[in-house]
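What follows is each chain in one-letter form.
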Amino acid sequence: MTAIDPGVPALCVQALKKTYDNGVEALKGVSLEVAPGDFYALLGPNGAGKSTLIGIVSSLVNKTSGTVKVCGIDIDADRSAAMRQLGLVPQEINFNMFEKPIDICVNYAGFYGIPREVALERAEKVLRDAQLWEKANVMSRTLSGGMKRRLMIARAMMTEPRLLILDEPTAGVDIEIRRGMWQTLKKINAAGTTIILTTHYLEEAEALCRHLAIIDHGRIVAEGSMKSMLARLDVEGFLFDVENELPLQLPEIEGATLIALDGHTLDLDMPRAMDLNRVFDAFDDAGIRVRSMRTKSNRLEELFVRMISAPQEAAEVEVRA
Amino acid sequence: MSNPNLIALGTIVRREVVRILRIWPQTLVPPAITMTLYFLIFGGLIGSRVGQMDGVGYMAFIVPGLVMMSVIQNSYGNISSSFFGAKFGRHIEELMVSPMPNWVILTGYVAGAVLRGLLVGAIVMAIAMLFTPVRMPHPFITIASVLLGATIFSLAGFVNAVYAKKFDDITIVPTFILTPLTYLGGVFYSVKLLPEWAQAATHLNPIFYMVNAFRYGLLGVSDVPVWTAFALMLVFVVGLGALGLWLLKRGIGMRS
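Chains C and B are the protein sequences, given in the same order. Using my numbering, the first residue of the first sequence is number 99, and each one after it goes up by one. Using my numbering, the first residue of the second sequence is number 234, and each one after it goes up by one.
A few of these clues could be false.
[Said to hold, decoys possible] In the BS3-like style, the derived pairs of lysine-lysine whose C-alpha atoms are separated by at most 25 Å in a straight line are:
(1) Lys223(C) to Lys285(C)
(2) Lys246(C) to Lys320(B)
(3) Lys482(B) to Lys115(C)
(4) Lys482(B) to Lys167(C)
(5) Lys285(C) to Lys246(C)
(6) Lys246(C) to Lys233(C)
(7) Lys320(B) to Lys198(C)
(8) Lys198(C) to Lys223(C)
Bear in mind the hints are in silico, worked out from the structure with no lab data behind them.
Given only the sequences and the hints, what does the whole structure look like? Please build it.
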């Protein structure tokens with residue numbers, strides 16, 4: 099049995115490479131470290147390599163080279179001990195639809211060597227936490243989409259993992275269920291479980307996570323604390339709804355970019371340090387009367403788009419907070 | 234029981250047994266009906282005109298073959314459908330991410346399939362005893378041969394399920410390989426009735442040895458030396474078991 103030092107990173111990945119049999123290089127030397135207790139976002143567009151990375155860590159995908167340590171345990175040296183630290187909530191539903199939630203949870207614990215009487219007690223707790231206790235004895239295939247997702251989180255918590263990995267856990271669920279799941283994940287993290295989350299909802303990552311990495315084309319293109327990453331955004335974007343017809347010639351504003359989206363809407367990108375009054379002065383001079391204005395997108399989304407649209411430049415300015 | 238591997242093994246076996254009993258109209262009833270028809274038509278109607286075979290009545294002669302046929306088909310069918318179903322439904326991932334070693338996964342599925350084979354075998358034997366008395370002069374050989382036969386075809390069904398990519402793939406082998414080998418393995422006749430070349434060809438059929446070992450246990454007659462049959466069955470268990478473990482280690486059909 100491998101001894102575990104509580105101070106070691108929850109996940110340490112070094113120079114991880116994966117080339118599939120069809121020649122696709124999904125990971126091209128990924129290295130990252132997740133501190134114990136962290137809430138960590140792994141972001142990237144479709145096909146970036148997120149699910150491959152998670153698959154290798156959870157031993158669903160064979161790696162080509164590199165090392166993976168879960169809570170300090172090398173998955174090659176002692177796979178069983180490493181997997182005991184890990185809980186996985188995959189992207190696709192992967193429980194037996196013909197089993198009851200209580201059986202799914204109890205059997206899952208059994209696969210980890212947890213005695214049945216202990217598993218039955220835990221199953222009641224995790225199903226109550228997931229608000230599924232009333233459905234504990236119905237066929238799982240009759241559960242709603244949101245309930246199935248919550249069941250996968252409940253199942254993963256049966257083994258009380260030190261590291262919980264969730265691969266797009268809220269994909270396709272409505273906003274109310276999503277917010278409920280956020281609360282559940284916050285509670286799990288507050289109780290000491292390290293969480294790694296992949297998501298396409300960047301507001302989700304911004305609301306939950308303290309650190310993030312952006313992965314694209316099999317490489318980490320940016321990594322750091324949420325705070326430091328967002329501070330890197332030196333440009334803000336606004337949309338203006340204009341009351342009157344826009345002039346043919348838009349005003350020139352030094353340092354900013356102004357584009358007409360249609361006859362009554364303006365799109366502005368400006369440096370953060372720039373005084374917004376200068377913009378309004380220029381609008382006044384051009385006879386543009388603004389009815390309302392709003393920020394163009396959420397901040398993390400802006401960062402994400404910039405990172406993955408210019409991966410080469412992004413790679414050069416990689417930071418670690 | 235506090236050993237994590239034994240708890241995991243017990244969990245897989247329990248889940249398999251629950252599955253077998255949950256879908257009993259698919260798992261237990263069809264072989265009972267089919268074998269009853271075999272006993273009525275082949276044993277009763279046709280058998281009464283055949284007379285004796287290898288010194289025993291024809292009805293008694295086909296009992297071991299029909300029991301073994303049921304055991305083989307059900308062991309094979311159980312593991313191939315259950316394991317492939319787990320792959321298809323992706324809940325195989327529950328096992329792949331768990332800390333349990335590969336031998337536990339393989340043993341658990343094989344034990345579940347063997348239990349179904351034995352359960353169906355016991356049902357068919359009970360039906361057979363309604364038609365003809367069964368003496369069982371060699372109980373140890375009877376039990377050992379049925380256990381080994383069930384294990385061999387559970388392991389073979391596992392290999393089939395690992396490589397299967399669609400449900401058709403787990404029906405092709407039973408339809409085009411298993412059934413012909415069973416029917417040509419001396420279930421309904423003594424190999425001595427065949428021409429020499431066919432007798433030689435029959436000796437290449439592993440099911441022939443299983444049926445005859447089992448027949449020796451039940452009736453005390455066999456077309457092959459019983460220890461040859463056991464040696465061959467053990468070789469198959471070891472070979473297929475090693476292949477199953479290797480497939481799990483490599484993650485073939487399961488890990489990309």
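Hint check:
1. Lys223(C) to Lys285(C): Since the Cα atoms of Lys223(C) and Lys285(C) sit roughly 14 Å apart, the hinted pair holds (cutoff 25 Å).
2. Lys246(C) to Lys320(B): With Cα atoms ~19 Å apart, Lys246(C) and Lys320(B) stay inside 25 Å; holds.
3. Lys482(B) to Lys115(C): At roughly 20 Å apart (the allowed maximum being 25 Å), Lys115(C) and Lys482(B) satisfy the hint.
4. Lys482(B) to Lys167(C): holds, 20 Å
5. Lys285(C) to Lys246(C): Holds - the C-alpha atoms of Lys246(C) and Lys285(C) are around 19 Å apart, at most 25 Å.
6. Lys246(C) to Lys233(C): Holds, at about 11 Å.
7. Lys320(B) to Lys198(C): holds, 19 Å
8. Lys198(C) to Lys223(C): holds, 16 Å
The structure fails none of the hints (numbered hints given earlier).
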